[in-house]
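S.K.: Residues per chain are reported as follows:
Protein chains: 4
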Amino acid sequence: MDDDISNPLPTRLGKEELYDFDTRGFILKEGFVKPEETDGILAALEPLWQQEGGSGLLFRAPVFETDLPFFRNMALRVAAESGVYDTINQPFRLIESYALRRAGGSLQALHNGRSNKNESAFGASNRAMWRDHTYHDGLLHCMMVKALVYLSDVTALEDGPFVVVEGSHKANFPFPIPLSRMKKGAGLDRPGTSPVYARTGDLLLLNEALTHGSLPKTSPGDRTFIAFSFAPSFVSNYRKLAKGSHSLSEMGFRE
Amino acid sequence: MDDDISNPLPTRLGKEELYDFDTRGFILKEGFVKPEETDGILAALEPLWQQEGGSGLLFRAPVFETDLPFFRNMALRVAAESGVYDTINQPFRLIESYALRRAGGSLQALHNGRSNKNESAFGASNRAMWRDHTYHDGLLHCMMVKALVYLSDVTALEDGPFVVVEGSHKANFPFPIPLSRMKKGAGLDRPGTSPVYARTGDLLLLNEALTHGSLPKTSPGDRTFIAFSFAPSFVSNYRKLAKGSHSLSEMGFRE
Amino acid sequence: MDDDISNPLPTRLGKEELYDFDTRGFILKEGFVKPEETDGILAALEPLWQQEGGSGLLFRAPVFETDLPFFRNMALRVAAESGVYDTINQPFRLIESYALRRAGGSLQALHNGRSNKNESAFGASNRAMWRDHTYHDGLLHCMMVKALVYLSDVTALEDGPFVVVEGSHKANFPFPIPLSRMKKGAGLDRPGTSPVYARTGDLLLLNEALTHGSLPKTSPGDRTFIAFSFAPSFVSNYRKLAKGSHSLSEMGFRE
Amino acid sequence: MDDDISNPLPTRLGKEELYDFDTRGFILKEGFVKPEETDGILAALEPLWQQEGGSGLLFRAPVFETDLPFFRNMALRVAAESGVYDTINQPFRLIESYALRRAGGSLQALHNGRSNKNESAFGASNRAMWRDHTYHDGLLHCMMVKALVYLSDVTALEDGPFVVVEGSHKANFPFPIPLSRMKKGAGLDRPGTSPVYARTGDLLLLNEALTHGSLPKTSPGDRTFIAFSFAPSFVSNYRKLAKGSHSLSEMGFRE
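Protein chains in written order, with the working numbering: chain F, 12 to 266; chain R, 12 to 266; chain D, 12 to 266; chain C, 12 to 266.
Here chain F stands alone, though its shape is the one from the complex:
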């Protein structure tokens, strides 16, 4: 993954896209990957799926460290053409990449949000620095953006669409539902939480400061996407911070 990212050439976001990413926290790039290519991608992912959690409904494929030329080329295209340059506006790195597949019945609880509780070794804060962001002189400076490339259609409520909490990427107050209840799915149907629909091949670029999740999938078939997470170059690879370990040189994230 050490190719020069100037190839393919970076493209800039348009005025409408910049306004929308700033105010809504996400944009949808329709037809980023040709639908006919997605069959090949799904076939390449096939041997990589690993079951996650105990539900039997969720599968993850780690593509970050693979050297499959497929994913390497896609990562370079995503970095260049999805808006990562215009939303980070600093030297950046790919810090995480994986594919996710959900079968019927699975949902993803609401998580993240600019002002949610950030537990630490020494107390708690309602501002998580790893997903904070600012604006200066016409440029956005996000600490983490994620690009999702859809490998299946999610065009109705039954398909378990991605949902975002309106304005949560700039929230000053904590989300008003306790974390314990959020983790069980509370808030997914709250006013101000709305679905984002996408078709196979569409790319969703997301400010990771958004509170987001996905509705239960009840229609037949799988719901699959590949995710690429980008951050300023000084940020280490994404991994959760182990609870209870506060080593001076340990590295990690905690929500």
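Since the list can't tell identical chains apart, any single copy or any two copies may satisfy a pair.
Computed cross-link-like contacts, DSSO-like style, restricted to lysine-lysine with a CA-CA straight-line distance of at most 30 Å:
| hint | residue 1 | residue 2 |
| --- | --- | --- |
| 1 | Lys26 | Lys194 |
| 2 | Lys195 | Lys251 |
| 3 | Lys195 | Lys128 |
| 4 | Lys45 | Lys26 |
| 5 | Lys128 | Lys251 |
It should be emphasised that the hints constitute simulated quantities derived from the structure, not laboratory data.
Keeping the supplied structure of chain F fixed, place chains R, D and C upon it in accordance with the hints.
M.R.: Frame of chain F, contents of chains R, D and C only:
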């Protein structure tokens, strides 16, 4: 360096210290290390000094990766008692540590600043994310703080004191002197740039967003300190980003 | 209007309301006025209506300076119970009050927004101070909030509902449609612009930094509300700044 | 005072002045008024002085409402040439003007500050909106700036110079000295509080969010200046908010 940092126990900053660190960008903790201990520290550093640059006046000792119990204990004390908790307010890591020795004639040009030009692979921005900082609900959130433990007295202009540009850690406009001239020492005597004096054993805690440097040392003897840099846990070890390399997974910093 | 506002006693917003007002820029208080009272209010307004513009579809009733006990009591209740305290968090004043009636066919173009062009005598800025707002230590500080008390049902698209541009009260970039086209109704159907429905007696509290408007009313009957605008006490009564006059002591607003 | 302010023509601040006003909260314009003119100004003020407070050491001359051509011309020049345009960047007004004369022994306690307690009818906040300020896209947006034109030399500590608390115009925490003690002069000699010297005819432009005061004057002679306060056009004339009166239409300021 994998001891639990809860030992020694963290201490909080007082109201005056919090106000001063927020408004001025630094605080001085007098007598952090007993002067009588500093002889031992200097002796331990003796075999580690490496000449830096071509001037013959500047020496650096890399103490980050050493397992000298001396430095490990000092790093733990600095982390716990100098204000790192209260200025980062997130899980944090030690990302850099070194000692620096300047001989007569040496100066350090002004550098950093919240709004100085941040060159990147794809353009330029006047906001460097690795030294940005914010405040929320009574808590400071700095992306990088540096603690300097003084091993020599710097009590007069001739001793080459540390200088800070007043308010530069919250500057909105770029520093009004071109980088090429700053690098040659311009601005060190500008109104609004003022010296910070310290004695052997004092600790200076610094918001790395400050524009700072040090005046020429013209008095006899060396000017020596040990530096410890702390950042949120998701930040990688400090190193400069190589120019010309834009690998998708490269990690680093650039000023 | 010189009664003490501590009577009726102020009530605070709940956690959900604070989160929503902060992230969405508005909240709806259902049943703020009993529907049976609204007949009396409409009757009191009857002699006050004045036609506005040349369309014959829009009428305004100036209630700010009246001493009708009706409106005085309502203004006191709105100030105390709609969230004005919790969204300004400073000494405040009523700076404007009027009723508005739209007949079928009328719409209100999108206007306001935190980052729209703010023309002035000497240039232009994308930040209008009279509708700016901030947050500090758990408190919102809005420069202008407006409470609308609905005197008719607006429960379907045909009723010409109020629309808001999601996140526009915290926008950093200007709205991406030119002002000349906005004034003709452009943008009302843009993704991210959504309707807010209300019933007779409901109160809508609005951050005036939101880009907002109303859809065309095509259903029978009138669409009527009373508006109360509040601002910090040092703000003068609302009126548009005359173009071309730049007197040093002139007072006013300009969008 | 209803002349067009485009005459004299506005001049812009330089890059150094903008940086300094932003980071330090003030700039000094040397020789704004020719020293030989100041005799005439002092003579014109002579009949206007009114004793203030019970000390017999402080005198105020209200020049805001006068139509003395002297002051009208000076107000127009100050508005155009001292940096008011570049620090408000909105349509603005003159909201206050007065001359102040201190005799030997008089001091002015520290007051203002962006984060000091702002008492109101309904609670307290650590952010006073009437002196808040922000920055957007290269432009400063101050809610109140004050220009002081010096009519006497203040070039030594004995002359009772103006003092500013470094960085206080961007403070997040309240000033760490209780208001009751500040009012008695505490904090004037605190580290981080520094004097600003000026000569007869110099103009000091000040962000009113700064915590500032003046040291005791112990040298012979008077210390005299004229002050002009500017604010965005929607702000009413400066006056303190009466305690205990919470009329819905009352207008005013409170510290």
